[in-house]
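Visitor: The primary structure of each chain is shown beneath.
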Amino acid sequence: MGIFLCDCGGSLKNIDFPKISGDLEKLEDVAFIDISHSLCLEEGEKAITSRILSENINRVVIAACSPELREHKFVRLLEGLRFNPSLLSLANIREQCSWTREGDVTEKATELIRMAMGKARLLQPVERESVSVNKEVLVLGGGFSGMKSALELSRLGIRTTIVEGKSTLGGKLKEVEGFYGLKTSPKQMLDSMITAIEKDNNIEVLTSAEVTRVRGEVGDFDITIRGGRKEFSLSFGAIIFATGYRTEILPQDFELKPGGNIISQLDLVEMLRAPEKLKRRPETIGFILDVCDENSRLPTLSSLNNALAVREKLGSEVYVFCKNLKVDSEGAEELYREARNRGVVFLKFDEPPQIYCEDGRVAIEAKDVLLGEEVVLPCDLLVAEERALPPEGTKGLSSMLNIGTDFQGFYQDENVHLYSAASARKGMFFVGGCRGNLDLRRALTDIASAVMGSYSLLALGEAVVEVEKVRVDPEKCRACLTCIRVCPHGAVQLVRLDTEKEVAQIYDLACDGCGICSALCPAKAIDFKGYADEQILAEVEAMGETNERR
Amino acid sequence: MIIAERKPFEEIKNMIVGYKRILVVGCRTCVTICWAGGEKEVGILSSQLRLQSSRNGDELSILEATVERQCEKEMVTQELGDKVQDIEAILSMGCGVGVQTIAEIYEEKPVFPALNTTFVGMPEKEGLWIETCGACGDCFLDRTGGICPVVRCAKGLLNGPCGGTRRGGKCEIDPEKDCAWVLIYRRLEKQGRLDLMRKYYEAKNYRKVKRPGKIEALEA
Amino acid sequence: MAKPFRETLKKKDFIVTAEAGPVKGSNVTNMIEHIELLKDKVDGLNVTDNQSAVMRYPSLGTCLLVKEHGGEPILQITCRDRNRLAIQADLLFAYSRGIDNVLCLTGDSVDVGDHKEAKPVFDLDSVQLIHLVHSLNSGKDMVGNELDGGVDYCIGASATPSADPIEPQLIKFDKKLDAGVDFVQTQAVYDLDELKRFMEHTRRMDGKVKILAGIVLLVGARMAMWMNDNVPGIFVPQHFIDEMAEAPKGKGVSRGIEIAGRLVRQIKKEKICDGVHIMAIGREERVPDILEAAGI
Amino acid sequence: MNVDNNKIVAFCCANSAYQAADKAGKMRLCYPDNVRIIRVPCAGRVDVVHILKAFEKGAAGVLVMGCQEGACQHLTGNTRAKERLKYAGDLLKEVGIDRERVKMVNLAPDMAQKFICEIEVMMEKIKEA
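Chains as they are written, first to last, in numbering that gives the first Met the number 0: chain A, 0 to 549; chain B, 0 to 219; chain C, 0 to 295; chain D, 0 to 128.
Isolated chain A (complex conformation):
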């Protein structure tokens, strides 16, 4: 075992390095102890290189500053010298020892190094290998997000397959009248994307098809798709979920039953497409916002769009009842100002307004906060606010993949650590509506990170993986399924060995190295190289030794 001590340019005054090297040199499995001033710089690296090439050591212990800073540097150095970096053990004698108090801390430093040596003795080599991965990506859902992801990926040379439940692509694009603030109209955008997809031989489209089963892991997902009557399974490297959202007027939000003169945004868009077909032009149209869902931006955007369209095409009076308009997304502020210039009246309420029928028209009664008095406003049509909900089948799919959903049922309630579109399961990305990002611009950011994520994962056609860093010993494994159930990354599968025995097996590429499974395994069958039980206990043991000696 070779030991390198670094006194950080002589700054660690309260550690007596010669004493430490004197104490530890006596141990028979210590080949040498070098004291250097700066292991992180050129000079230190040369010292380590020469030592390792000349001595035949099978373990390296480096006592220096925090592993968080230098570990990756030492690992790359050792890799360069053909020395397996998993046989390196670090002791943090700067931040967690020398800097923790004034007086002499040599004894604590010695003990920390002893702990690192205890662990080093039991380290096992972990080989790095590259595993081939399937470069194809599955895109679930053919709405704006789905098509955009497929197009972006094919630009980077990745083949994708879009699976869309309905018979045509487009999803929500078909239901939106105009994007004020964006030059192109949704219709043109939809047509241009569809033609681009048809021309692009990197993208294959399967319409009125659905995924019935997802098995396997990142790099080799085995997906069963049912289209029409036939069912077939394909293999993909990654999956991008772009299943979008659906809107629904929830009766309990309004005491009145929708219908008659209470319509949805979609009905309004249909009316605006063919204004001439209307029997009677509605004089006044009211919009209601912020009754059932205060934080979603979608109602504000779609109401502003449609209000402007109404003013332009029908010229009828437009009143918008809202608590507070969410205009923080791009272009929404001018949209609001333009609506006001065009004569759309905005009324701000505190308690939700009362809505009731009054001789064939819908009356909205609310206390306007700005005017400070009750306002009763009969309108011909009331565009009710819709609650955005996840598409049907989300619940089934999410339990099949064991992916969490948030309280509204949208995917990806996971935490801040994972960058926006990724999920706990490597190789699965969620973009756009299905994770609650309902407006275009937010969806674009998701798409960008999902595309980059899957590209960096699959582009080379192979991925470097630490082979069997966390390994299930088939002899000891009782297939009690605990690890399969607890793994947050779904990286453990039940496999049938050639000896017909069924055991758990960890898929190295999907494993994120957290060790929850090895802690819970009742049969002690899961060995986690680098943090195995023996190694952790060795550190505890080393701490114990100094007790006896004192």
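Calculated from the structure, these hints are not laboratory results. Positions of the beta carbon are idealized from the N, C-alpha and C atoms, including for glycine. Be aware that one or more of the hints could be misleading.
[Unchecked claim] Heads up, incomplete: computed chain B residues facing chain D, CB under 8 Å, no partners named:
#	residue
1	Lys6
2	Ile43
3	Gln51
4	Phe139
Fit chains B, C and D to the known structure of chain A by using the hints.
Guide: The following block gives chains B, C and D in isolation, referenced to the frame of chain A:
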């Protein structure tokens, strides 16, 4: 599979009073799967015993071993063979069957059970096991849509729920537990086989298996 | 001497039975007081068998007392405490001493009683017990051996009209009716609509079986809530609990009597059932006041 | 305890608590010498056997320091650790060791002060006994 639960430490401690060298033996099958007596639990119990002895100063040496299956004589002797010589007492973390197999092989050494074997059951979710079979020797499941009333009904009734079912179809003795007969009713109704539940069933033959049971394979 | 219960069932159009809870000990004096008080006011006097699995003076013993004092006892047998041999033996003995009414019950589980570690028997269940009594009535024991001297029991069963879900209970109740019973004494009933729906179900028996609605006297709001959680098969609706809560201090029992009276009067007036079975658990001395409040 | 000293073993999750410890060092916040920090990939990696072994080897207190609730890189690591520590506490209580001697601490990578004060709290506990 057999489900067991570790005895409270107090009980175990009082069993092994006076013995200085103890062998703690785990088992790698049922009790591992139900987190009661596997290699991990052997480590935990041994650690507790060592802590206990070091706290009140009496030196106690604990040896740990785990047998593939404690109910097989060959496996016990193969695993424990040499470890047993200078042992004063054996603490078995197998189910009741394991304890008795070890006791039979090493008759001269006292063998103590560290677990309470509770029932034959299945995992409802990871870490939670429920009793579903009472090994009564006369299976009734064909007439109840696959839900056993003999064990999952607290009173083991063969004819329909008792009068004490709680609101929501819960059992009389435990508001958390579903009444087996309400479950049976719902399943048979789903299958359209409610006639099975309407049929009257004679008093059960409780001596179908002469206790203690013995089964001899024909070729033996 | 009270008329045999079997005749009263046929003749009277509104039958009233009450329940005498045996003492937890051998001092039978106040049991005898209850018997003296009630024997002429009711058509039959049930004697509970270790009610709620709480060990008490045996039901058989109390029935003998009732007989001696000229009352018409109704023996209650649960399947919790005796296996099929003991039950048949008790039935033979009871009949030989003139007791010829039996209420066949499954029995509360030991977990709700005061001997929670006991080994519950449940060799039979209530439906199998009814079949057993029938075989004894036909002069044979359960396995078919001839009896030297048979029995002729008037058989009773119980039911829970306010159970939720109700369908499984109705299936079991059908089994009891198919097995053949002469009278039914239901669990405590407070929601008369539930009782009406339950009675719909029994119309097919067209009067051959007399149904008595169970009335449990409420003593206090806390006791009502306690019963909801701990006494199997009893569900006191919230409005009754509130009504009891409003009762001024110390007046709980009289408010309970007034409620019980109201229920009985309504059942009688609307002819919902063929009678009532009054269970004044631990307050047998107030049964006459309930009858009076009910105008009987 | 072979030699009763007041060693505290802190299993620190590499994603949060270990960095908090480093930050405490960078800020030169002093804390007593008897703390031994063992780096683990996630709080969920620490098993009951490790905790008991730590006490067996003379530790007087064990802290398992993981990410904050809901911010765990591996989603359930810290919640599992919390449950496990309750179990470990029961085991210790059975053996006569005060269950306060083992504690779950949730830290964000920059919570140096909280890291220090949790150690001081544990030191008080140990001194009391």
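Visitor: All the hints need checking, so say for each whether the structure fits it.
Guide: Evaluated hints:
The restraint placing Lys6 of chain B at the interface with chain D is violated, with a minimum CB-CB distance near 11 Å, outside the 8 Å limit. The criterion of a C-beta within 8 Å of any C-beta in chain D is met by Ile43 of chain B, whose closest approach is roughly 6 Å, and the hint holds. Against a cut-off of 8 Å between C-beta atoms, the interface hint on Gln51 of chain B holds, since the closest Cβ of chain D lies about 5 Å away. Among the interface hints, the one on Phe139 of chain B is violated; its C-beta lies about 38 Å from the nearest C-beta in chain D, farther than the 8 Å criterion.
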